[in-house]
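The C-terminal position of the sequence shown is numbered 477 in this note's numbering, with every residue numbered one higher than the one before it.
Simulated from the structure, these hints should not be mistaken for lab results.
Computed from a prediction, not measured in an experiment: that's the story for all the values here.
The reader is advised that the hints may include incorrect statements.
[Said to hold, decoys possible] No more than 30 Å apart at the CA atoms, straight line, and that leaves these computed lysine-lysine pairs for BS3-like:
hint, residue 1, residue 2
1, Lys258, Lys319
2, Lys258, Lys275
3, Lys2, Lys84
4, Lys324, Lys275
5, Lys2, Lys461
6, Lys42, Lys2
7, Lys42, Lys460
8, Lys465, Lys390
9, Lys168, Lys460
10, Lys319, Lys42
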Amino acid sequence: MKVIILGAGQVGASVAEGLVSEENDITVVDSDGVRLMALQDKLDLRTVVGNAAHPSILRAAGADDADLVIAVTQSDQTNLVACKLAHSIFNVPTRIARLRAQDFLDDPQLLTDENFAVDHAICPEMVISEYIQRLIEFPEALQVMQFASGRVCLVAVRAYEGGLLVDKPICDMRKHLPLGMDARIAAIFRDEQPISPEGDTLIRAGDEVFVLAATENIRPVLRELRRMMTRVQRIVIGGAGNIGLRVARALESRYEVKLIENRQDRAEQAANSLKDALVLFGDSTDEDLLEQENIQDMDLFLALTNDDENNIMSASLAKRMGCKRVVAIVNRRAYAEMIQGGPIDIAISPAQVSIGSLLAHLRKGDVVAVHSLRRGAAEALEIVAHGDAKNSQVVGRRIDQIAFPPGVTVAALVRNFDQVEMLQVRDDGTVDRRAGHVVIAHGDTVIEAGDHVIVFCLSKKLVRKIEALFQVSVGFL
1 MKVIILGAGQ VGASVAEGLV SEENDITVVD SDGVRLMALQ DKLDLRTVVG NAAHPSILRA
61 AGADDADLVI AVTQSDQTNL VACKLAHSIF NVPTRIARLR AQDFLDDPQL LTDENFAVDH
121 AICPEMVISE YIQRLIEFPE ALQVMQFASG RVCLVAVRAY EGGLLVDKPI CDMRKHLPLG
181 MDARIAAIFR DEQPISPEGD TLIRAGDEVF VLAATENIRP VLRELRRMMT RVQRIVIGGA
241 GNIGLRVARA LESRYEVKLI ENRQDRAEQA ANSLKDALVL FGDSTDEDLL EQENIQDMDL
301 FLALTNDDEN NIMSASLAKR MGCKRVVAIV NRRAYAEMIQ GGPIDIAISP AQVSIGSLLA
361 HLRKGDVVAV HSLRRGAAEA LEIVAHGDAK NSQVVGRRID QIAFPPGVTV AALVRNFDQV
421 EMLQVRDDGT VDRRAGHVVI AHGDTVIEAG DHVIVFCLSK KLVRKIEALF QVSVGFL
C-alpha cells in the first residue's frame, strides 16, 4: 500500500513506524526538515519538506498514485484542506484526518465528499480522555481496552503475591468463577518477555497478565489475579490543556476533581468552562501547593500537560507525598518504559493509545477495532469472520483446527452482534443468551459467519498472517 502521512509529530511518527514495519511504501510530509531527517534516519521511508496543504507538495509526495492519505498535522485546517485536495485533485481513495475541534466532529456533513472529503476522522485527545476514564473505573489495571462496542473488556494487570491464581495453572481459573461466568487469559509478559498461555501455564507474582471477559464479568475475574483497590473518589489533574480539560469535564460530575494550571489565561478559561471542578492557578510540581491541597488524601493524580519532564516530576512528587496512584502522559517511549512501575504507576503514550483507532481503518479484511499493546510490541484485533467453510479458512471450523501461528490467541467471539440480546432461563436456573452475547473461546469453539473475533497477537508481525487467515477466497459474494 502506498501511504502519505502528513505531519511528523508524535502521532505521525508512530503511524509511520507501525506501517513501515508492515512493508508499506511510506512518504512523510512535514514543514520541519530536521524532524524529517531524524525520522528518515530511523525508518525506511521517504520524506518531503513543505506545507501539507499545498498541491505541489502533495504531488511531490506521490499523491497521484497514493492509496491513502493520513493527515495528522497539528492544524485542523491543514488536515481538512489536504484531504479535500487529495480527493478532488488526486483522487486518493481513502483520506483520514486528525481533528481537534469538536465542531468538525459533531457535524458529519462537513466531512462528506462534497465538503472536506474526510473518510475517517480521529481525535487523539478524545481517545486518550476515554482511555483515562476506563483506567479510573479499573484502578487495578495497567491497560483497559474495549471491543464489540463495549461488550468485551481486555485488561492488563500485575499479578500479586497471594493472588488466587498465582503459582497455579491457568486452567484453575474457571474453578473460582461463579457458575456461568467465563474468562480467558490472552497473554502473559514475564520479565518483559511474552509467554503464550496454555492450560498448564503457571502465573507468577509480578507477571503482567492480559485477561479478557464480558465487561460485566471483568471485576470478579480480576479478583483472581490481584487485590482490588478502593473506588477512586478524589482526583487531582495537572494541566488544563486539551487533554486535561477534556478529562476534567468528563469526570467532574462523578468525582471530586481539582485541576492545576500554571498559565493564568488557561486557568481562567478552565474555571469558566467547568461547573463542579475546582481550578487552581499554580504549578503541579510545587510541593507546597500539593501539600496545601492534601495530596496525601487523594486517590489519583493525573499529570496531563504537554511536557514530559513536568509530568514525570509532578507525578513522582505526588506519589512521594502519599497519593495512592499516579498516572502520567509521557510522549517519549524511552521515558515511558523507564518510569512505569517505579514511582509512576502508569505512563501513557498518547500516540500508542490513539493509533489503534487509526489502524482499524488500515487493516485488511473487516477489522472493527485495533488496540496497540505494550507500546506497540503487541496488538489485539476485533475482526469479523465472513464466508463459509468452502471459501473461508476460519468459518465453520473449531479454533483448534485453524492454523493460527504461534503467538496468536483467539480470546473471545461476539455472536449475533447486531441483534438485541435475548435471555432465556433454562430449567436448571442458568441463563442461555440467544443473541448478541460474548463467547469466551476455547479449542472446541466453532467460528461462525458474522462472529466478531477478538484475536491477541504477541508480536505485531503476526497481524498480516491473521488478516490473511480471515480473508475469504476469490469469488465470495
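Going down the list of hints, with the structure as the test:
The straight-line distance between the Cα atoms of Lys258 and Lys319 is roughly 16 Å, inside the 30 Å bound, and the hint therefore holds. Distance hint between Lys258 and Lys275 is fulfilled; the C-alpha atoms sit about 12 Å from each other, no more than 30 Å. Distance check on the hinted pair: Lys2 and Lys84 sit about 18 Å apart at the alpha-carbon level, within 30 Å; holds. Restraint check for Lys324 and Lys275: the C-alpha separation of about 26 Å stays at or below 30 Å, so the hint holds.
Only pairs whose Cα atoms come within 30 Å are accepted, and Lys2 paired with Lys461 is accepted, the gap being roughly 19 Å. With a C-alpha separation of about 19 Å, the suggested pair Lys42 and Lys2 falls inside the 30 Å cut-off, and the hint holds. The hinted pair formed by Lys42 and Lys460 meets the criterion: a straight-line CA distance of about 19 Å does not exceed 30 Å. A hinted pair counts as satisfied when its Cα atoms are at most 30 Å apart, and Lys465 with Lys390 qualifies at roughly 19 Å.
About 29 Å separates the Cα atoms of Lys168 and Lys460, which keeps this hinted pair within 30 Å; it holds. For the suggested pair Lys319 and Lys42, the alpha carbons sit about 35 Å apart, so the restraint of at most 30 Å is broken.
In summary, the structure is inconsistent with hint 10 from the numbered list given earlier, while agreeing with all the others.
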